[in-house]
Structure formats: structure tokens, C-alpha cells
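The letter at position 210 of the sequence shown is residue 210 when you use this note's numbering, and the numbering goes up by one with no holes.
A couple of the hints might just be wrong.
DSS-like mimics (lysine-lysine), calculated; alpha carbons at most 30 Å apart, straight line [stated by the list, open to error]:
no.: 1; residue 1: K253; residue 2: K224
no.: 2; residue 1: K255; residue 2: K106
no.: 3; residue 1: K265; residue 2: K106
no.: 4; residue 1: K257; residue 2: K241
no.: 5; residue 1: K265; residue 2: K255
Here are the in silico distance ranges between beta carbons for each label pair [to be verified]:
no.: 6; residue 1: S101; residue 2: L13; range: 16 to 24 Å
no.: 7; residue 1: V193; residue 2: Q25; range: 36 to 44 Å
no.: 8; residue 1: T10; residue 2: G238; range: 22 to 30 Å
no.: 9; residue 1: G229; residue 2: T169; range: 48 to 56 Å
Keep in mind the hints are simulated off the structure, nothing from the lab. Note that the structure is predicted; figures quoted are calculated from it, not measured. Think of the CB as a built atom: it goes at the ideal place given N, C-alpha and C, for glycine as much as any other residue.
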Amino acid sequence: MVLSETLNSTLTLTERYISSSDGGQIFAQAIGNPSLPTLVFIHGLLFSSIVWAQILADTSLLQNFYLIAYDMRGHARSVKPDRPEGYSSRLYADDFNAVTSAFDVKSPILVGWSMGGSVATDVTAYYGADALAGIIFVAGLPWLAANPQVSTPWVLGQAPGLSSVDNSTLAISSRVAFTDNLFRNPGSIPVEVLWSWLGSTNLVEPTKVGFLFGREQNTTNLFKAGASGVPLLLVNGGADKYIMGEKVHEVVKDKFKDLTVHTVKNGSHAFFYEDREEFIGQVRKFAKRVFGKGRR
Numbered sequence: 001m002v003l004s005e006t007l008n009s010t011l012t013l014t015e016r017y018i019s020s021s022d023g024g025q026i027f028a029q030a031i032g033n034p035s036l037p038t039l040v041f042i043h044g045l046l047f048s049s050i051v052w053a054q055i056l057a058d059t060s061l062l063q064n065f066y067l068i069a070y071d072m073r074g075h076a077r078s079v080k081p082d083r084p085e086g087y088s089s090r091l092y093a094d095d096f097n098a099v100t101s102a103f104d105v106k107s108p109i110l111v112g113w114s115m116g117g118s119v120a121t122d123v124t125a126y127y128g129a130d131a132l133a134g135i136i137f138v139a140g141l142p143w144l145a146a147n148p149q150v151s152t153p154w155v156l157g158q159a160p161g162l163s164s165v166d167n168s169t170l171a172i173s174s175r176v177a178f179t180d181n182l183f184r185n186p187g188s189i190p191v192e193v194l195w196s197w198l199g200s201t202n203l204v205e206p207t208k209v210g211f212l213f214g215r216e217q218n219t220t221n222l223f224k225a226g227a228s229g230v231p232l233l234l235v236n237g238g239a240d241k242y243i244m245g246e247k248v249h250e251v252v253k254d255k256f257k258d259l260t261v262h263t264v265k266n267g268s269h270a271f272f273y274e275d276r277e278e279f280i281g282q283v284r285k286f287a288k289r290v291f292g293k294g295r296r
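With the hints as constraints, model all of the structure from the sequences given.
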């Protein structure tokens, strides 16, 4: 308790807007000791870095790691270009590089939830197979083209509602359902949490939802990273309504020679919130091993 209180009193969350290669502003947060190995957390489709609020405050992580989270382009407080060219794979890679460079970080572990996992493909494509010390897919989409293989029929069926421009009732109700179904029991989630997550979804215009999935990606360097021994941790939810963890395992198992898989029993898509201690335990164990190998 004393250590927890000391950390909470001495560490301050830093928030910054960082210019990416196209001049677009990326909102990022960082907390902890910058001399420690770094974990970079990336949220999923329509949401924001606010989903990581409790993770960024976790004492057991802050004792061992520097923590960064940012809003992907097209989301929340970051740039939302009006044309599809503003959502290229190169720009997603450059955003990650801009954020890590701004905080003077090299070779972090990328922790990607849901669609946020696909950023690992962008980063390795443009910054090399050794750009990341390790990767954690949190119910993650490993690359965009895998979406039909690993996503549930239910979530694939949400796209028309989320992108509807001529039916505002459908657009709103789709966002409510898209938020509620993240959790085992949304009624048990504090309203300020549930509504803040829902609020993030309304910051993405329906006309731009398609842009978020539209970029072409090259997986060559991601697979080189896996073949060279860059470690990958898959953490899946056993009752996830969005991503089928066993399907993600199928598409990556032959690509990563250092692969660890953990399934949260009865875990939802947002198990990192509902089963936080179990999730943090897996992250901490994996990251200590990765950085203990000398990858920084």
C-alpha cells in the first residue's frame, strides 16, 4: 500500500499533441519512469485511449514499465482526415513512430486491442522487423485482411449501422450495441465508464468508418519479425462477441516462433477491463521476459 501511494503521488500523466509526418496531430499520454522499458497501448475501432485509464494507473506495471497510450488517427482527439489517403498504412506507422520518438522510446512492446493490433503490421512494414521488442494482441486483429477470418458474424454485421449516414437512429443504436457488447454485463459497468467509451464512438463520423478499414497492408515484415523471434502474446476472451481467439491463433501460429497464448475464461472483448488483474498478470510476465532478453 505504501509503495502504491508513493507511486500515485509521484507520477503524473503527461498528455501531448504530437505532429505526424503529414502534419496531423496525434493525441498521446505517457506515465511512469522513461528509463524503464516501454509498453505502447493502442485502442480498438471507434474507441480511444480512455479505455486504458485503469491500466495506465496500475502500480504493478508502473513499477516495471513506462506506459504510453494514444488515439489512433480517425479517432477521438487525433486527426480525422476527410479523404481515404489520410488513412494509409504508412501514416499509421508514422503516427506510432512520431509518438514513440516524442517520448524518446525505441523498440517498445506494442499492445494492441482489437483493430489496434493491426498497427503492428503497419509499423513493421515501414520501420522494419526489429522496430518492436514484442507484440501483444489483446483480442487483436493481427492485420486488416484477416478480419473476415477472425471476426464473429455478429460484429461483421455491425458495419452497415456504424457507417449509416441516412438513418441517424440506426447509427446511434449501432454504437450503443457496439459498446454494450464489449462487456459480459454492461449493466455492471459504472455509467461514467460506459458512457465515456460510448462517447468516443460518436467522435467518428459515419462517413469515415470505412476509411478506418480501407488501408492496404504488407505483412512481409511482420512475418519476418515473427520468424526472427520477436515474441507475440495472444490474450483472448473465451466469450468474446467480436474476435474469435482460436481463429487468430490459427492465422499467426505458423508465423511466430515465439508465441504465447492465454485465454481468459468467460472473458469478454473488454476483458482487460473486466478481468484486469488476470490481464495485467499476463502482460507483466510476458514483458519482463521479453525485456529480460535484452530487447528494449
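Evaluated hints:
1. For the proposed pair K253 and K224, the alpha carbon gap of about 13 Å is at most 30 Å, so the pair holds.
2. Between K255 and K106 the alpha-carbon distance is near 24 Å, which keeps this suggested pair within the 30 Å criterion.
3. The suggested pairing of K265 with K106 is violated, with an alpha-carbon distance near 34 Å, which exceeds 30 Å.
4. Between K257 and K241 the CA atoms are separated by roughly 28 Å; this keeps the pair inside 30 Å, and the hint holds.
5. The suggested pairing of K265 with K255 holds, with an alpha-carbon distance near 25 Å, which does not exceed 30 Å.
6. At roughly 19 Å, the beta carbons of S101 and L13 sit within the given window of 16 to 24 Å.
7. The beta-carbon spacing between V193 and Q25, approximately 26 Å, falls outside the hinted interval of 36 to 44 Å.
8. The hinted range of 22 to 30 Å is not satisfied by T10 and G238, whose Cβ atoms lie roughly 38 Å apart.
9. One distance hint, 48 to 56 Å for the beta-carbon pair G229 and T169, holds here, with the actual separation near 51 Å.
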